[in-house]
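K.L.:
Next come the chains, spelled out residue by residue.
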Amino acid sequence: MPKLRIDNREVEVAAGTTLLAAAAKLGIRIPALCHLEGCDAQTSCLVCLVKVNGGSRLVPSCATVAVEGMVVESETAEVRSFRKAAIELLLAEHAGDCYAPCENVCPAHMDIPTMMRNIEAGDLRAAVATVKKAIPLPATLGRICPELCEKGCRRASRDDSVSICSLKRYVGDKDLAKGGGNSPYLPECKPASGKSVAIVGSGPAGLTAAWFLRQNGHAVTLFDDHPLPGGALRYAIAEELLPRATLNAEIDLIRALGSGEGVTFVMNTRVDAGKMAELKRDFDAILLAAGPVDQEKAAALGADYVGKGIKVDRKTLQTQEPKVFAAGSALIPLQHAIRAVADGKNAAKHMHAFLIAEAREQGGGGEFASRMGRLTDAEMDRFFAETPTFPREIPHRGGGGGTKDGLSDSQAVREASRCAHCDCSKLDSCRLHDVAMSYQANPARYRGTRREFQRQSVHPLIVYESGKCILCGLCVAIASRAAEPLGLTFIGRGFNVKVGVPLNAEFSKALERVARECVAACPSGALDLRYDAPAERDANPPIRLSLPQLRT
Amino acid sequence: MSEEVDLAFVDMIVAKLGDGPESLIPILQAMQEHYRYLPAEAITRLCAISRIAPAAVSGVSTFYSQFRHHPVGKHIVKVCHGTACHVKNAGVVEDAIRRHLHMEPGQETDACGEFTIERVGCLGCCTLAPVVQVDEVTLGHTAPDTASQAVEEAARQPPALPGSGVESGTGTPDSERPRIHIGVGSCCVAGGSQAVRTTLEEAVRRMGIDVLVKPVGCVGMCHQTPLVEVVDGGVAGRGGASALYAKVTEEEAAAIVRRHFRPAGVLKKMTLAAASLIDRLMGEESEQVRLARHAIDVRDKPVDDFLGRQRRLATEYCGSLNPLDIEEYMSHDGFVGLRKCLELADSGKIVEEIKGSGLRGRGGAGFPTGVKWERALVAAGGGGADKYIICNGDEGDPGAFMDRMILESYPYRVLEGMIIGAIAIGARQGILYIRHEYPLAVKRIRAAIERCRERNLLGENILGSSYSLDLRVMEGAGAFVCGEETALMASIEGRRGMPRLRPPFPTESGLWGKPSCINNVETLAMVPWIIRHGAAAFAAFGTKASKGTKVFALTGKVRRGGLIEVPMGITIRQIVEDIGGGVANHRQFKAVQIGGPSGGCIPAELGHTSVDYESLRDVGAIMGSGGLVVMDDHDCMVDIARYFLQFTQAESCGKCTFCRVGTQRMLEILTKLCAGEASRDDLNKLEELCGLVSRGSLCGLGQTAPNPVVTTLRYFRHEYEAHLKKQCPAGQCKALIKYQVTDECIGCTRCAQECPVGAIPLTPYQKHEIDTAGCTRCDVCRRICPANAITVASPC
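Residue numbers (our numbering), protein chains in the order written: chain A, 1 to 552; chain B, 1001 to 1796.
Derived by calculation from the structure, the hints in this document are not laboratory data.
Don't be surprised by glycine CBs; every beta carbon is placed ideally from N, CA and C.
Heads up, a few of these hints could be off.
In silico contact screen, one side only, chain A against chain B (beta carbon under 8 Å); selected entries [as the list claims (entries may be wrong)]:
| id | residue |
| --- | --- |
| 1 | S56 |
| 2 | E93 |
| 3 | L471 |
| 4 | L486 |
| 5 | R493 |
Given these sequences and hints, build the entire structure.
P.N.:
This is the structure we're talking about:
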């Protein structure tokens, strides 16, 4: 039973225990991508490096066996910098986007590809939930949004972008139109946090912040000097563009959010210096979202003024006073409501982290996204290989009124099927993404020649995107252990090595027994289950679907 | 390409070599030998009839660079890109051949299917650089303006007979009998020694004289190949008068015989006199004058300098032993060490002797050999059958050929060392892992093993003792990383040569999980001498921590390149100046690259550095396996760093992140530097990557890969700085130089006629001009200009 020290803490482990396991015993979670319990150590990713006995080199903890008296460094700045470098080197050859370009372009980062799948599957309840994770006012914004997302759409350079904005409106409209027992969608809220938040201004930024803060269990009160909520949406946009009934209906959903009193709106109330002092006394956090401010107004709210708005820390949206945040046109006058929505969402996140210690720790990593940038023509072809080729039917908003009445159900399903799903289907379980986020890796740090984006969708159960593979070797090992007739193997060597099918056989024949196991073990988005893969317990062999249902 | 593939061969070879995974590499090698590439049908057949999984077959066949998956041209042109060849412009030679054959960069086979061009890491003929091999013919000292023609000519030569290079070599040579030695090491063969030998034998036969034409191993003076030595009797250097001829041609060989020996009969004398007279009447240069030019007096100062500082232990009796003559080896104390060990019959005592000698691994890292043996000896492996002794002959460093020469010239010495090692650790099985690029070494070792078996020096109960040992040869398949011991073992087991984490060390868990002791060729070749003369005699050579001698391949821009063996502690300058005769062509000694891709560049200012493990490590290099490439002021250090990174990047197994991606990024930055496109930020990132790759990589290849960059940055940072400003001070980086015509130009149009890309307009009697945009910097014009009117300039 060797005894050793990891980060100055002693631990005793059974003979033969790896440093990775020994650290886990102490509650130190060393990140590892190529490690799988029950599989031989691959020692390929080298993200689990540690330093042993002060040596100059670092060793993979997944394969280094604990020895009596060992002194191990794990969470030191130096060791962490090597792990971060390993992650960044992996990202440098990783050909894949975490998010679709449309999502990246959307200021509120709405999960557009998932919305498309939901619409295509006819699951509008799921669609509205997807949309409202980013935008609480889809029916409203779907009428006035500048379609920024559509400019990012990969299909825009091919024939024409997918009608994302109209589809978003469609989802919002269908949700509001529900009658009878089917009430419109309201997300679950966390139990009361005991914290209270005041939001000054009930425009798009304030409303959005209220929506997300309330979901986190905080008591939210909005203050506005107008008689009705909505801010610029109500007072700066013509009725024919944005019917007030739609706006009111969506605001009412925010009002109704959560149990008890929901979100409180205090109207006809001007927040001046005196009121501000009162809010600071009565609330745990305050968001200034009252639209454009001048120097005088900023001073009245007790905030510093710089440029054209309130001065905040750009990262946290915090003013010089820690409990006071600001968002929307209060920071800089905004052209588009969607930017105010994005700001409100962002402010809500930081305020939540400010109010709740746990959230601070969890959210410490911030955002992370791997991006491929420009694709070659060949890569574009691979993207669209399984996407129907029919053209966009719904005119752009600038193109003349075709969206006035919204889309029919069949139009919506058809249009949604034009999406090529440029996002990563495995983002939720991607361990590479997780470690990149927690180590705040910069994917561009060691950028150089990148691999090509590849997608093989011929297997009945799984999709293989080799550009995303980090060559961990787990699938090769699992297939070999299961004595797959063909299995997978490393082809070539060095930087050009890739995981492929032996004997140049088709990918569909590679994994007959352990496809799901390989998907589960794959630490990146390289191997994923098909969108249409049957559930595991389904004993029947998978049925090949025809286009355009054949999705990846 | 849909030719019927005859699959019966696959069945036959599997039946012969076995159907298990460990036979995979030999099977693939046999298949490639047969089909000249690996046809998909044959591979599928192999999977069908053997116990080898398709994943293993595809993984292995794409890992090793030996294996080809496409049909090849009639002739295979291997362009050596070893270090010595690189500094002597191998790239320009390859460009010229490609242009001639109308092949794009990267294109493997020409349109008519006549020639396939392969870039190889190192052919191990560094003193003949730049070297091109066409099928079996090796062309040395190639040049861009003549290479293409030489390749065509070589392709027309009939193929060599199978088995050539293996000598019958039995029967004790009569020491009183006059002899002519002819070098048959690879360098000599590449220099044309086979033809010279045939002529010598023919001349001796025609003259009817009793003279033995004796093939001998490497003489070491590889810059002078082929070498012929006439020994009137006795052993060269031990009294008998001898005369040495260098760079001997086929035509001159007969004349040498005539110069030294009288024909046997009167009739023969007359016939020969007439022939000789006719030769002279035909206007041939006087034999005597011509020969005098090539005769080297061993007492000459240069030869004395070359040989004087050397101490030969591993290469004992250099240039006088017939490599495969076992009787001769025995008459020169061969197997005396082995007999001593058998009499001793005490493993512990043998280990103690080796420990006492201070012998350290000659493969690079310098681990004490005795300690390794001791660990293998005490390793729990039960009986000897469960332990292995392995000879690492996977000498992959570009610019190094010591192990090749030792294997070719002293096969019995290596085997003797290995048998002693096996006795010391208690192994009953051994494997020599030799790279396939060394066919002569493989053939000789195989033949030597056979002869040892015949004499019971191998096999059951060696020489009647209780020790038994069986040895076999495994040919590497073209992967530098297999020099790393865990990768080497993976390769023997028939897998991709991917290293694994150590510990466990091979002495605990090695080949097939059994305790295994892996020693380098040169290390083992030292062992018989140590056992014979005792630990103290060996330890008398060298420094405090680095005992004995070390064999180096001295190449590059040095006047006298070759294979040398020197005591540890000699300085770099002594090697370069005294033994090597300094830098050739009146250039300036700038640096030596020592240790190959894992080593570093030591500047001339540090020429006083002692050659021992610690001193070399302190200056940023490593002993490595012993490649020593001399560089002059025309060698660009950024280009050299790029060259080595290109090598390690291509040889990285691709397993661990730091090496796979890190070396690729480093290479990309170095390539940008050489193109004058790098920024300060790139340079900073390069330095950062050096630290990450060296400290984070899993095995020795990655850990040492940054060394060439680190040392050139340390000693030649100003050159990196210059490249940031788009300047190449050494005038090497093609993108940063241009060719210019000076006022010396006489307007002869030769450059215009020879320029392969038409970048020089044909303007008789006018000063020529070079179109820089069209110029490919192939150097042809500068080489052929009769007025030396073409110079290389940095454009900025």
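K.L.:
Each hint: holds or not?
P.N.:
Hint by hint, here is what the structure shows:
{"no.": "1", "hint": "S56", "verdict": "6 Å, holds"}
{"no.": "2", "hint": "E93", "verdict": "5 Å, holds"}
{"no.": "3", "hint": "L471", "verdict": "7 Å, holds"}
{"no.": "4", "hint": "L486", "verdict": "6 Å, holds"}
{"no.": "5", "hint": "R493", "verdict": "5 Å, holds"}
Of the numbered hints given earlier, the model fails none.
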